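All chains should be modelled from the sequences, with the hints used to inform the complete structure.
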Amino acid sequence: MSSTTLVAPDAPSAGAATTATRLEQLSGQIQRRGALAVLVLVCVIASATSSAFPTWSNISSILGNNAFVWLLALAMTFVITTGGIDLSVGSLYALGGVLAARGAQTGTWLAVLLPIVVCAAWGAVQGLLVARAGMAPFIVTLAGLLGARGLLQALTNEGSTTYLIPQHSVFRDLGAGVWPPVLIVAALFGLGALLLTRTRYGATLTALGGNENAAVLMGLPVVRAKVLVYLLSGTLAGTAGALAGSRLGSGVTTIGVGYELTAIAAVVIGGTLLTGGAGSIGGTVCGVLLLAVIHNLIDHYFSQYGSAFTDTVNGAFLAVVVLLQTLLSRARRLS
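The opening residue of the sequence shown carries number 1 in the UniProt record's numbering; numbering runs sequentially from there.
It should be emphasised that the hints constitute simulated quantities derived from the structure, not laboratory data.
All values reported here derive from a predicted model rather than from experimental measurement.
Backbone N, C-alpha and C fix where the C-beta goes; we use that ideal spot for every residue, glycine too.
Hints are supplied without guarantee of correctness; some may be wrong.
Stated by the list, open to error - Computed beta-carbon distance windows for the label pairs:
1. 113 x 194: 22 to 32 Å
2. 113 x 162: 20 to 30 Å
3. 139 x 300: 38 to 48 Å
4. 191 x 158: 30 to 40 Å
5. 257 x 200: 34 to 44 Å
6. 50 x 186: 22 to 32 Å
7. 133 x 54: 48 to 58 Å
8. 158 x 41: 41 to 51 Å
9. 121 x 216: 22 to 32 Å
10. 182 x 221: 33 to 43 Å
11. 275 x 316: 19 to 29 Å
Here is the structure:
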């Protein structure tokens, strides 16, 4: 009587499993720390080729001029982590500056509160349209971008009226110099990092970006999380605008154009997945700094090309990083 031997399907070898695990770890490290590594490399090369780069005056210029972009990028980090997008932050930034300058005519408290409250309310409305009405974030925030610019034009008589912050106003001190705005931004980034990595709300945002349907089935407050993330984005954009108005001493109507794209580029370069589900506050810091340092070098070596060359670099970096994220994600799936 013949016997039949059952052969189990070949199981993955221990070596293959180890290789897959190492590949996942490597791709994760590249995603989380790639921007920092490139930033260090660029700074070393810049310091070696230009004696003007490592000076305090140049470094303070980089920090002070990009403090407001950091806040927009912080806002964008939270939104993109959920799988959304906010194209209105640049316009809300400009609107916040005008509202701050107009409020300063009455007093310091109004100069601070008016832009923050109005921009927070604007963000909350966008969040309600996304979360409750089920509208696409791209369309909602694009409408918000246009609407905020329209309100800005209406408040300034199509740019013909410029509100000046009184010379004696305490509000001017908030954005003056380097350290006041940088310290404010650093404090907000610290709070943002704690919110995203150490709270239930941050975990909800990450789960929402990873798989919204699964987040709903888990009983997470998806609608509330979406509304709050756009409210937070509007609040940070309004805060950045108020600080910019303080620094400039007036409500400038032309600022903030294209800043939403710079913020998106910095966030994605910093390792936050454009598709959502993973966010990195520290990576965003590195992303903003990396773009700022590169722009500084462009201004130093290729000033004749102006902002056009800068925008080209932003686009090139964004394309390369998204391509790398796609390849790393595909490698993880194959492993």
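Verification of the hints:
1. 113 x 194: 22 to 32 Å: 24 Å, holds
2. 113 x 162: 20 to 30 Å: 21 Å, holds
3. 139 x 300: 38 to 48 Å: 40 Å, holds
4. 191 x 158: 30 to 40 Å: 37 Å, holds
5. 257 x 200: 34 to 44 Å: Between residue 257 and residue 200, where Cβ atoms are some 37 Å apart, the hint holds.
6. 50 x 186: 22 to 32 Å: 26 Å, holds
7. 133 x 54: 48 to 58 Å: 51 Å, holds
8. 158 x 41: 41 to 51 Å: The hinted range 41 to 51 Å holds for residue 158 and residue 41, with Cβ atoms some 46 Å apart.
9. 121 x 216: 22 to 32 Å: 27 Å, holds
10. 182 x 221: 33 to 43 Å: 34 Å, holds
11. 275 x 316: 19 to 29 Å: 21 Å, holds
Of the numbered hints stated above, none is contradicted by the structure.
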